[in-house]
Amino acid sequence: MPENSVDKTAQQKWMAVLAKADWPTLEKLWKDQRNNYQFQTIRKPETGLVMVRGRAGGSGAPFNLGEATVTRCTVQSSAGNKGNAYVLGRNHTHALVAAELDAALQDETRNGSLLEEIIEPLARMAASKKQHHREKVATTKVDFFTMVRGED
Amino acid sequence: MYVAVKGGEKAIDNAHKLLKEKRRGDTQIAEITTGQISEQLTLAVDRVMTEGSLYDRSLAALAIKQARGDLIEAIFLIRASRTTLPRFGYSKPVETDKMELSRRISATYKDLPGGQLLGPTFDYTHRLLESELETDQPASQQHRGILSDQNSIDSTDVKSEIANEEQTIAAPIIPHVLDLLGEEGLMEPPSNEPKDHEPEDLTRQPLSFPASRDLRLQNLARGDEGFLLALGYSTQRGYARNHPFAGEIRVGTVAIEFEPEELGFAIEIGEIELTECEMVNQFKGSEKAPPQFTRGYGLTFGHCERKAMSMAQIDRSLRAEELGEQKTAPSQDGEFVLSHSDNVQATGFVEHLKLPHYVDFQSELELIRRMHQEHDAASPESDQQAKDMTTHEAAE
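Chains A and B are the protein sequences, given in the same order. Quick note: the first sequence uses my numbering, first residue 193, plus one each step. Quick note: the second sequence uses my numbering, first residue 330, plus one each step.
So that you can see chain A by itself, here it is in the shape it has in the complex:
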């Protein structure tokens, strides 16, 4: 499913898929199901900053590279599950939907169908987009040949 899937909990995986989801698709997929649930907003969508860190030399000590806008949101489902979302960018509705789905997915009776109908299609879509990108980039793979210099 999502990237770096080793050692990650199911919740971490679906939260990653929701945060990285193509927004129009996520909106469409959730619209069909949204009416089956009720949520209470605990923390309205709010945009703030996360300082992105890099590592000196790519793998050394951390340093602060620069910030990124992030929108967060917390809801509670009628079943009592708290749903959280942190989504890069400033799309408040995306954060709200991701938080609602995080709550809905914690409901064991719904988890299976939501994974199948929303999370897995979104993950496949992201994977397919990446595959398409990789194929295009692979066409620019280069083999340079070293020429023998003319001089002695």
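These are calculated hints, taken from the structure and not from any lab test.
Pairs of lysine-lysine residues, derived as DSS-like cross-links and limited to a Cα-Cα distance of at most 30 Å, are as follows: (1) B:Lys427 x A:Lys200; (2) B:Lys421 x A:Lys205; (3) B:Lys427 x A:Lys205; (4) B:Lys427 x A:Lys333; (5) A:Lys236 x B:Lys421; (6) B:Lys439 x A:Lys328; (7) B:Lys421 x A:Lys322; (8) A:Lys274 x B:Lys421; (9) A:Lys205 x B:Lys524; (10) A:Lys328 x B:Lys427; (11) B:Lys439 x A:Lys333; (12) B:Lys427 x A:Lys321; (13) A:Lys322 x B:Lys439; (14) B:Lys439 x A:Lys321.
Dock chain B against chain A, hints included.
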């Protein structure tokens, strides 16, 4: 010194109206959209994000539009905008060896494990203008295809379209070229500090000297591309002897991981594009240890290759003291480089000279007049001669 002035409101209002009109240009020509800027002037957006120190494509596009294409003004707008937002925390350090590559090259090895990918590059173009770009192409009617070039986002279609797609796993780990040299013991480690070192943050504390490497890297990452380019160039021309090789340049997307306090576990919150450059520099050894290559590091938001390369050169030259090199060049002087790299600070100080300095100048004027009077009083004769000369010249 600038002293506050009053008045001029009407003229200022009108000047801003005129600015709006100028920004819009000829109304016979369609207004540019932020979407067009974000999609088609991508490298301008990348520069504004990097030097504005804020990753947000649509905000950067808006800033470029508002600033009439003046990128330093746009960077200023972004820096001002970020101060209005709360800070949620720090991300985990990005893992660039897991980057989903769109470009990866090395000038040191032709056969790299993982291969060389040219990606979208201006390199090897002939730098001839392409006149066909002068003709506007209409927008494609298709939805921007995520699913290869499929165009529907109807949910049932989405499900069936992607149902058959194989799920691909994460991007393979592509080792850093410099780490390969490191494994042979020919390259110094990536940093002296440990991997869990807590870095300082320029946005939380003022710059002080000598600055730590992490503070220097943060400063350089948001520093002006032109300034760093010129300084990087100076190191190649002999002002700081550290001949560089572009060990590796990679461009691509990485996941951002963040651990919200209330959750207690890290989550991926999205992906950003980065450019990374690792320079290989001349080696250094001692009686105790055999020589090893040294290195400089550059990292930027978006695709800012020239900036990442210059940053890596300056990261290296600023390590002069640490590596026991003689400090002879501007690029080796941390206080000089880091105090002047920020174009928002620089433009603020240079451009404030335009604002009324009447009181300040009046006092200068009074001083110079008094000096003239004193001079005249002290040597009336020579002054008389000078006056005669002036009258004489004027008569001619």
